[in-house]
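Novice: So you can see what is in the structure, the chains are spelled out below.
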Amino acid sequence: MLMYVVRRLLQAVPVVIGTTFLIYFMVFSMPGDPILAMFGDKTPSPAVYDALAAQYHLDQPFIVQYGLYMKDLFTGNLGTTFSGEDVGTVLARTFPVTLKLAAMAITFEFITAVVLGLFAGLRKGKLFDNITLVIGLILMSVPIFVLCFIAQYFVAIKWGWASPTVGADTSFSNMLLPAIVLALSLFTTSMRLMRGTVIDTRSRDWVRTAYAKGLPARRVIPVHVLRNSLIPVVTNSAANFGVLMVGATVTEGIFNIPGVGNTLYQAIVRGEGPTVVSFVTVMVLAYVAINILVDLLYAVLDPRIRYA
Amino acid sequence: MKFSKSVIGGAALASASALVLVGCSPEGSESDSTATAGDSASTGAAIIKTNGSEPQNPLIPVATNETGGGKIIDALFAGLVYYDATGAAHNEVAESIETDDSQTFTVTLKDGWTFTDGTPVTASSFVDAWNWGADPANSATALNSYFFEQIEGFDGYNSEEGASNPEMSGLKVIDDSTFTITLAAPNAEFPLALGYSAFYPLPESFFADPEAFGKAPVGNGIYTLASADDWKHDVQIDLSVNDSYAGEREVMNDGLSIVFYASQDAAYADLLAGNVDVIDGIPDANLATFGDDLGERAVNQPAAIFQSFTIPQNLEHFSGEEGNLRRQALSMAINRDEITNVIFQDTRTPASDFTSPVIDGWSDSIPGSEVLEYNPEKAVELWAEADAISPWSGTFSIGYNSDGGHQTWVEAVTNSIENTLGIDASGLPYATFADFRTDVTNRTITGAFRTGWQADYPSLENFLGPIYYTGAGSNDGDYSSEEFDTLVDEGKTASTPEEAIEKFQQAQEVLFTDLPAIPLWYSNVTGGYADTVENVQFDWHSVPLFYEITKK
Chain A
1 MLMYVVRRLL
11 QAVPVVIGTT
21 FLIYFMVFSM
31 PGDPILAMFG
41 DKTPSPAVYD
51 ALAAQYHLDQ
61 PFIVQYGLYM
71 KDLFTGNLGT
81 TFSGEDVGTV
91 LARTFPVTLK
101 LAAMAITFEF
111 ITAVVLGLFA
121 GLRKGKLFDN
131 ITLVIGLILM
141 SVPIFVLCFI
151 AQYFVAIKWG
161 WASPTVGADT
171 SFSNMLLPAI
181 VLALSLFTTS
191 MRLMRGTVID
201 TRSRDWVRTA
211 YAKGLPARRV
221 IPVHVLRNSL
231 IPVVTNSAAN
241 FGVLMVGATV
251 TEGIFNIPGV
261 GNTLYQAIVR
271 GEGPTVVSFV
281 TVMVLAYVAI
291 NILVDLLYAV
301 LDPRIRYA
Chain B
309 MKFSKSVIGG
319 AALASASALV
329 LVGCSPEGSE
339 SDSTATAGDS
349 ASTGAAIIKT
359 NGSEPQNPLI
369 PVATNETGGG
379 KIIDALFAGL
389 VYYDATGAAH
399 NEVAESIETD
409 DSQTFTVTLK
419 DGWTFTDGTP
429 VTASSFVDAW
439 NWGADPANSA
449 TALNSYFFEQ
459 IEGFDGYNSE
469 EGASNPEMSG
479 LKVIDDSTFT
489 ITLAAPNAEF
499 PLALGYSAFY
509 PLPESFFADP
519 EAFGKAPVGN
529 GIYTLASADD
539 WKHDVQIDLS
549 VNDSYAGERE
559 VMNDGLSIVF
569 YASQDAAYAD
579 LLAGNVDVID
589 GIPDANLATF
599 GDDLGERAVN
609 QPAAIFQSFT
619 IPQNLEHFSG
629 EEGNLRRQAL
639 SMAINRDEIT
649 NVIFQDTRTP
659 ASDFTSPVID
669 GWSDSIPGSE
679 VLEYNPEKAV
689 ELWAEADAIS
699 PWSGTFSIGY
709 NSDGGHQTWV
719 EAVTNSIENT
729 LGIDASGLPY
739 ATFADFRTDV
749 TNRTITGAFR
759 TGWQADYPSL
769 ENFLGPIYYT
779 GAGSNDGDYS
789 SEEFDTLVDE
799 GKTASTPEEA
809 IEKFQQAQEV
819 LFTDLPAIPL
829 WYSNVTGGYA
839 DTVENVQFDW
849 HSVPLFYEIT
859 KK
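Those sequence lines, one after another, are chains A and B. Taking the numbering used here, I'd label the letters of the first sequence as residues 1 to 308. Taking the numbering used here, I'd label the letters of the second sequence as residues 309 to 860.
One thing to keep in mind: the hints can contain errors.
Which chain B residues face chain A? A few, computed with CB under 7 Å, are given here [to be verified]:
1) Gln-411
2) Ala-524
3) Ala-577
4) Asp-578
5) Leu-580
6) Ala-742
No lab work stands behind these hints, which were simulated from the structure alone. Please read all numbers here as calculations on a predicted model, not as lab measurements. Just so you know, even glycine gets a beta-carbon here, dropped at the ideal spot from N, CA and C.
Work the whole structure out from these sequences, hints included.
Specialist: Now the structure itself:
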């Protein structure tokens, strides 16, 4: 088990180096000059231009910029934004918000998927099964920004049940609406997985044995069917969590949530190389970590799986 | 120039949302906003909430060149003069600004002004601040240093790297409340510029540690940042009323909260729900409906923003006699009324000169301005005349950045040209604003390109000199006209404002003949306010006069 974790972590090293290099290269190759963009329609004087270029190492060739950046990165210095803030500080401020949003969304997604999937599986081919399928497919195929705008317009503005944006108040109740919207856009896959495994599990020997022993359905369903059907749903939801962790850019933008996705988007627009790369580096680390955790979860949920 | 994304077109996130929100405009937003109005008012204090964006630079006046930080800086500091809603300048910290020759100005300060840290505002507060901004050693921070280039002894651009020259010879402190400004060349309009943020004073504490100051600025303005914690980065900044403010502008509320939004859509949603009181930007998707949504609380008025497209002087077929004919033909081939109405829902005002209607001295009847009227017959005639000199070939293109919502109007303009003149015309999109500006700055763009200008201070000269004067910083088309340069110089040295206005209008007559840029329209400021507030007035610079706003 320990060896497995160590091996997975070692595998992550080239992944992190490779992604930072790629991202740095892509930001570097973005057309246009971020310094000129800072001045709008005005052209900065050559001296001002040179001073700014030197400050952000933009006058150096790509490989030198990357080297300088990686050197700083390993000494714990994530660089500074154009407004002079430490990128580490920005991350420390925005990551908890995104983490909270992702945790809330995944909790809703998981509960919805398990409950609906369980009943759909138990009533295979019946009306309930078909209705959840149709609704799930609709929610899955509608682009997320449409869901966001509809929810924002009706729930928040028209009916006044929630605040249309989050802003400074990142409390549970204020983030409820965006979290539910995210959950709605994600739950279908998990729900269908749940339904499929429930159907499969119900025909297993141990379920038939349980019924044969005379156990009532209220004991067989939760203990023998539900528990054994959870494995694929847990892993799917955990993978979704990894995706959300790296920022739901569109949702965060529409609901004005001060999270990772929103900040990253603005940094990309402004061409702030160091900010973008630092954010992406941390995101890659988070994603890799969550994936390792997901793999370990398999072993916890299914005793048949062992890692050596 | 302070630039904002909506003006210069960094990122209007609106395109996609158009589909959704246009379809569902509220029938009764009056009742909607009252539903949640109680929440914000429940604290008792009349705090005005408005929209903004996270400052992109430290909060130092001379370092702030974009609207996100500019809005905060203007609330925190008071300069020698301030501008009222109409753009007229009034003395604020200055008791008087006097000159005999439009070159040397004697500034006398009023008594009783202090910074929020208790130190007095003296002549040195201004002189030291300006010298710091003009010091070449600070040029990476002082993005607005070009404002000092008129002052004698400015060498912020021309020094050896690392060299420092902390004093401009044109600034002399006489005593604590008097100093003189000597300009490199006479400019009667110079006092008008003194209300711009680059000219704000700075307290002594700034010079000890500019970096710390940029995080917790100490000002002398109407509002103050009571603690650095009130600036919640990427979220909002809470400003409280500055009790030591000594100016004549009366504050009618208890504070100002600027909420940072990544998109205008979110700000607009908050306005409809009553979560913000005033916003100064309407998302493109809601331009058609915001008048109905907000009723008389919708704001749509011309602003000090001039939009045009520039045809470089060296572009083939566009120089000399032939060029003038073609430029005029193009201008007359554009149906500005229809485009501003159909595409912009009347949130642009068709241009009738090279400045803006909010500026004193603006006129819609400058001789030569007929070329701005849609006149297809005349356009065809002029184009044919030009063809007689040298036949036209190729495509006429207008370069633009496609991340700023410019595509629709560029297509409309090129269609209008194509249909009228029967030539090939098309837009030339660039992926990003940065990409676009790089080609414009390096003169590698192959055709005409969109240009916009937002005035820094309310003066006709500010729309002309920086853009069309020979060799000026933003003269992207490399226009050069001796006649125009002379008239601008004469306007700047005129002894009375009336005379100056006359000269600047004559200078525009030259522009109407040469058309270095084809005027298109003035951007309007679009905004609105909730029914929780009253006395909302947008100033010449498209920003609400926050101090006047009262909460119901």
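Novice: Which of the numbered hints above does this structure break?
Specialist: Numbers 1 and 2, in rising order.
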